[in-house]
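K.L.:
Just need the whole structure built from these sequences, with the hints factored in.
Line by line, the protein sequences give chains A and B. Going by the working numbering, the letters in the first sequence line up with residues 1 to 99, in that order. Going by the working numbering, the letters in the second sequence line up with residues 101 to 199, in that order.
All the given hints hold, so there is nothing to weed out.
Partial pick of chain B residues on the chain A-facing surface, computed with a CB cut under 7 Å:
| no. | residue |
| --- | --- |
| 1 | S143 |
| 2 | Q194 |
| 3 | V195 |
Please keep in mind that the hints were generated in silico from the structure rather than gathered at the bench. Glycine included, every Cβ here is placed at the ideal spot set by N, Cα and C.
Protein chains: 2
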Amino acid sequence: MITEIAQIEVKPGMESEFESGVKTAAPIFKRAKGCRAMELRRSLEKPSRYRLFVAWETVENHTNDFRGSPDFQEWRKLVAHCFASPPEVEHVAQVLRGF
Amino acid sequence: MITEIAQIEVKPGMESEFESGVKTAAPIFKRAKGCRAMELRRSLEKPSRYRLFVAWETVENHTNDFRGSPDFQEWRKLVAHCFASPPEVEHVAQVLRGF
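P.N.:
Quick look at the structure:
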């Protein structure tokens with residue numbers, strides 16, 4: 001299990017529209033192959049900055065299966081017009097669960 | 101409840117020592133006022149990059165209470181020599197739990 005972290009800068013004033021788009025998109029992720037969880041977090045220091053966390057069984061479930069599917073285009077249709085810049089995407093693996 | 105995300109670049113070759121330091125430091129966080137969870141994740145694309153996630157009841161539990169405590173110095177003693185650069189710290193709040 002790995003987690004995709006997408007750092008997304010939203011155009012100022014479009015925060016509500018972006019959040020609404022992500023909410024609408026939740027079923028798209030839920031039905032994606034290997035997708036196990038999704039949540040959206042917002043920066044307190046920079047309120048136009050969000051981080052989307054998506055848990056996938058494998059990196060390829062994200063980079064190949066999801067990005068190559070028609071649902072990826074649906075996802076972008078819902079939110080891409082709110083992006084101030086291209087999202088910065090990285091994958092992380094848990095190495096320690098302290099408590 | 102908010103989450104501190106500290107992005108930490110570790111000096112190449114010091115990854116194991118850093119991970120071990122974070123593990124040793126877990127009780128320091130566990131006893132910190134308002135601290136509810138801690139985990140360490142490692143980037144797949146840049147293996148010397150880590151993200152430490154710490155859940156706090158309030159931002160001030162982190163920025164005032166913890167950083168002002170002797171335990172903060174203990175924490176730094178365990179890991180700071182592994183840092184390649186100062187950590188980038190941000191706080192986020194969950195705005196959507198998709199599933």
